[in-house]
Structures are given as structure tokens and as C-alpha cells.
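Novice: One-letter residues, chain by chain:
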Amino acid sequence: GESVGLHLPTLSVQEGDNSIINCAYSNSASDYFIWYKQESGKGPQFIIDIRSNMDKRQGQRVTVLLNKTVKHLSLQIAATQPGDSAVYFCAVTGGGNKLTFGTGTQLKVEL
Amino acid sequence: DVKVTQSSRYLVKRTGEKVFLECVQDMDHENMFWYRQDPGLGLRLIYFSYDVKMKEKGDIPEGYSVSREKKERFSLILESASTNQTSMYLCASSEPGQGYGYTFGSGTRLTVV
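Protein chains in written order, with this note's numbering: chain A, 256 to 366; chain B, 751 to 863.
I should point out that these hints are in silico values taken from the structure, not numbers from a laboratory.
Treat the hints with caution; some may be incorrect.
Unchecked claim - For the chain A half of the interface with chain B, some residues (derived, Cβ under 7 Å), not all of them:
1) Ser295
2) Pro299
3) Phe301
Just so you know, even glycine gets a beta-carbon here, dropped at the ideal spot from N, CA and C.
Let's have the full structure, built from the sequences with the hints guiding it.
Specialist: Shown next, in the form of C-alpha cells:
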């Protein structure tokens, strides 16, 4: 079945620096990819998505990069702020209507 | 905004009790899901439903059942709660078909003592 892995369980960055969170997936047929942010005590919230016919998509301070050749997905956060501290998950389509989630990277922003 | 509402934020139940976790969504979504979230294990799918009265097992259905009598409501049932079911439970809903993300509820943190 599909597996999704995140490269680092924890990432610490200085406020104002850029953050990069990585994710690898196994199913080459996956065609939709999402990043979620989960703050402490809350449910995951949608940040940004990308479809397999694209390799880059930008939002407000966030960019998602997709490399289908090596099955790798990354989330870049520009000018990281304390409010960005959270756990970040990638999710990819597996079969049918289901998403498969990575285990999450805890982003810690140091002042 | 799509709202997915889970009826309880925190629950404490005793071993052997029957536990009901309720989830309601207000955007007429076809699909609904129940996950549990544990440290180091990520989100694991318990059950999901693509339509009223329809349910399918996810990756870890043992010890759980579900009910979907109305489109907007998806209930997770722990038939006889055990301490290893202490976890964060997350409900989500989505439109049908690939290419749609999930909207999650705020979660229910269940402790079984």
C-alpha cells in the first residue's frame, strides 16, 4: 500500500528564517498532494495543495514543490513566524477517496 | 467555511464502557472519516463512509464500529473501551473523488482509565 514519510520529526528555525519541511511518498500513481498544519490541541488545517501536473505552487508565504521523479514533496515557509509553530503533515492520494498521511514534522520557531 | 464539529473535546471513560464519539459536518459532504492520532504513529484510519448507511473499514477497525444514519453525522463507537484506545480521535469530511482535501474537526481526546 501507500506509505508516506516525513524526513525529520522535529525542525527548529530562527524567527525570520525560511523553513523547509520534506515528505516522501511511495505511490507513483498519486496525483494530489496536500500540506496540513496542526496546532496544539486542534485538528489539522489545510495549508496548500498541488496536483501532479504541476511542480510548484505558491500561497501566502508558503510554497509547495513536487518532484515526481523521486516522489518527494516539500513545504517552504518564508520568513517563519512564532505563529508557524505547529506540526506539519503531508497527505497524498492513495486509492479511491482516501488520503494517506505522513507522521508529521514538529516545527519550532526560536525567537 | 466548512465546519466539522466533534461533540466533545475531552472525554474520560472507564474500561469496558461503551463510548460514542459524534461528528457532524454542515457542507453536505459525501465522505466522512474517523482517524486516531498517536505520537510517532501519525493519523491512522479507523473507518470511513462514502454515503449514508455505508461504511468501510480502514487500517485499524478492531474494537470500533461506526454509524451513519444521516449524511451529516458520522458516529464512532467503542464497543468496550480499553486503555489502549486512549488517543486523540479526529473526524474529517470531504467531497467525493480524488483531488479534494479533508476538513477536520478539532478532535476528541479520549482517556480510558
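Novice: Can you name, in rising order, the numbers of the hints this structure does not satisfy?
Specialist: 1
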